[in-house]
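Number of protein chains: 2
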Amino acid sequence: MKLKVVSWERKRFRSPSLERPVANFFTMRTVTWEDGKVKMIDQTALPLKLSHVFFTKPEEVANAIRTMVVRGAPAIGVAAAMGLALSAHRSKAAKLPELLHDMESSAGLLRSTRPTAVNLFWGIDRVMNKVREAKTVREAKELVEAEVKAMEEEDVQTNRRLGKIGAELIDDGDTVLTQCNAGALATVGYGTALGVIRAAVEQGKLVKVLVPETRPALQGARLTAFELAQDGIDCTLISDTAVGHMISIGRVDKVVVGADRITNDGYVFNKIGTYQEAVLASRHGVPFFPAAPHSTFDLSRGHDSVTIEERSADEVVKISGKRIAPKGVPVANPAFDMTPPELVTGIISDRGLLQPPLAESIQRLIS
Amino acid sequence: MKLKVVSWERKRFRSPSLERPVANFFTMRTVTWEDGKVKMIDQTALPLKLSHVFFTKPEEVANAIRTMVVRGAPAIGVAAAMGLALSAHRSKAAKLPELLHDMESSAGLLRSTRPTAVNLFWGIDRVMNKVREAKTVREAKELVEAEVKAMEEEDVQTNRRLGKIGAELIDDGDTVLTQCNAGALATVGYGTALGVIRAAVEQGKLVKVLVPETRPALQGARLTAFELAQDGIDCTLISDTAVGHMISIGRVDKVVVGADRITNDGYVFNKIGTYQEAVLASRHGVPFFPAAPHSTFDLSRGHDSVTIEERSADEVVKISGKRIAPKGVPVANPAFDMTPPELVTGIISDRGLLQPPLAESIQRLIS
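Note that the protein sequences, when read in sequence, are chains W and P.
Counting along the first sequence from 1, when you hit position 344 you're at 344 in the numbering used here, and nothing is skipped either side.
Counting along the second sequence from 1, when you hit position 47 you're at 47 in the numbering used here, and nothing is skipped either side.
The hints are simulated quantities; they were obtained by calculation from the structure and are not laboratory data.
Possibly wrong hints are sitting among the right ones.
Heads up, the list lumps identical chains together, so a pair's fine if it works in one copy or across two of them.
Unchecked claim - Once the Cα atoms are required to be at most 25 Å apart in a straight line, the calculated BS3-like pairs of lysine-lysine come out as:
| # | residue 1 | residue 2 |
| --- | --- | --- |
| 1 | Lys37 | Lys318 |
| 2 | Lys149 | Lys208 |
| 3 | Lys130 | Lys205 |
| 4 | Lys327 | Lys49 |
| 5 | Lys149 | Lys318 |
| 6 | Lys49 | Lys130 |
| 7 | Lys322 | Lys37 |
| 8 | Lys208 | Lys327 |
| 9 | Lys318 | Lys208 |
| 10 | Lys57 | Lys130 |
| 11 | Lys130 | Lys37 |
| 12 | Lys57 | Lys318 |
| 13 | Lys205 | Lys92 |
All of these numbers come straight from a predicted model, not from anything done at the bench.
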């Protein structure tokens, strides 16, 4: 893994909320295929340092996914696909079955990194299905590389489509509550929930964003606030404890969040803390919209069989390496939660707005 | 201010949840009157260091309240009273009106430290009412000192009474969700919400406590987890984002929290994040009990005129002195929120369990 620090001081101190933003958004790609290497923004270093890392081995990409150098369901879908492409690219296989064997082995490793976001499995399956069309090793390698490049481009186009559809739901002057980071940094670019906000701003609407810091990994404070400040979009950071209060005093007009997996019965799995936002929004009559590309829908299962990842206690008891709790205290650290369809006003997808009953809309629009 | 580090290594690594606790609880006093000085545990240093600070001037006590060296509604009520006693103790006044003038001036300073917890004003008023009974300067100083010593003792006795009343609501095997720290460290000793848990444990019940870290000031992670670990009471720390998920999967049997002010119409003001716990508990049929001594009830007003303190943005954007968000990002940091009576199953007080309709119970039991 090589590390390259990007100079960004010029943009760094751009103050949010001082100007009406124009359509000049965060254009860096979170993950990209570059000359047989995978290039990523190192999200663990944000917001203090914007740097890129380069990977040449699938194991490095697997590790980057596990340690959240790259995170966000759509981004890890593309990253995993590119990890698999590295496997093909590096393979010394002389014959197709050997190449497939190498790739299957890497696919297994990549699949084991994180259990909840379905895009991870979608990305891997898509590359594996493509490579099976090849007749020769050379053709296979070309097909795989072309496929991951296409996935990278499609991701941004998908989010722009999704953003435009979602922006219709946002009114001029709205304050939108989000959760975690479902922005450019959670995708190749543009973002899902934040893509909706960017598209609304591109339509000339004034939008304010309320950003919960999203403990334990602080993606709201570290990533969403960073992205929005870079783009000059008005945002206010709050503790996760303040979500209910802010909704109850009328400071939230809409909730727009991302998703890691949406099952065929309309249940939305997303970053821990999403469920309580949905419950509070519902209590106060605030519309609640998950935003997700078609690759986030899991048509193969209902909500009962989804695994919610439990992550390390260290994420909770240490912040920036400093201990904030007594040694040895037991910790529960579920990384995701589940929002039932009755709390969902609609799901914003690149194929249209899915309205209740969600199970039926999912069948109609996504299948 | 003098600082004294207490040796506590012997107790420090006592592991939680390994043994059934006996009635051998955290006996240190959070705030105490000692030979004309106010002695406090420095709560900003916990859980990494258990140390005491000594104050001789009312301004030092005011600063300690403002900076949360001491926090928790009952504790700051007693601390403010003792700050006022320092004013009397140090006064060079030869005549009673001069002494009263000195004390009124200190009272004004102490009243300005934090706006939400009503115990602060209760503690100050109680001392000012007492001093007005005196006929001489000497008698005044004696009355004041006796009064704050009595308040210190009463606080612990009040919490023990409250704890016993609340413990009746806790079943053997219950998991109790709390918020912030309403423990020994939020009072002179024993605690309110954690007093209920201690009393239940004293009754021989096995109780587990689910502790949200309670951002921004992390009183759950720093103080509640520390207290419970010291006492060997089984606790599990979670991020504030995990509250809804844990309730929804059936991991919570009761919610017991403290309170900073309860108005005559039954609204409960408490640490930010309490309201969302109440909403989630209600949705899932989990009983929700604030626990508070009679000094936390504000009979003079309804909920409309209570000020919710807005604290520094630094509490949100820096943790242990390290920045976790981009520079310049706007922050909202309300320190408290309001839970309406319809979400409250009952209020545990030292004068009995207040049941709905709360406005009537408050009139009957507290007035």
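Okay, the hints, checked on the actual structure:
Proximity of Lys37 to Lys318 under the C-alpha cut-off of 25 Å is found in neither arrangement, the shortest distances being 33 Å within a copy and 36 Å between copies. Proximity of Lys149 to Lys208 under the C-alpha cut-off of 25 Å is found in neither arrangement, the shortest distances being 34 Å within a copy and 52 Å between copies. For the homomeric pair Lys130 and Lys205, neither the shortest alpha-carbon distance inside one copy (41 Å) nor that between copies (60 Å) is at most 25 Å. In this assembly of identical chains, Lys327 and Lys49 lie within 25 Å of each other by CA distance solely across copies; the values are 12 Å between and 30 Å within a copy.
Neither within a single protomer nor between protomers do Lys149 and Lys318 lie at most 25 Å apart by alpha-carbon distance, with minima of 38 Å and 39 Å respectively. Proximity of Lys49 and Lys130 under a CA criterion of 25 Å is satisfied in neither setting, with 37 Å inside one chain copy and 58 Å between copies. With identical chains, the CA atoms of Lys322 and Lys37 are never at most 25 Å apart, being 34 Å at best within one copy and 34 Å at best between copies. In this assembly of identical chains, the alpha carbons of Lys208 and Lys327 lie at most 25 Å apart only when taken from different copies (18 Å versus 40 Å within one copy).
In the homo-oligomer, the alpha carbons of Lys318 and Lys208 lie at most 25 Å apart only across protomers (23 Å), although the nearest pairing inside one protomer, at 31 Å, exceeds that limit. Taking the shortest Cα distances, Lys57 and Lys130 sit within 25 Å of each other inside one copy (20 Å), while across copies they are farther apart (76 Å). In this homomeric assembly, Lys130 and Lys37 come within 25 Å of each other (Cα to Cα) only inside a single copy, at 20 Å, whereas the closest approach across copies is 77 Å. In the homo-oligomer, the alpha carbons of Lys57 and Lys318 never lie at most 25 Å apart, since the shortest distance is 30 Å inside one protomer and 36 Å across protomers.
When the C-alpha separation of Lys205 and Lys92 is checked against a cutoff of 25 Å, the pair qualifies neither within a copy, at 54 Å, nor between copies, at 65 Å.
Of the hints listed earlier, those the structure fails to meet are numbers 1, 2, 3, 5, 6, 7, 12 and 13, in rising order.
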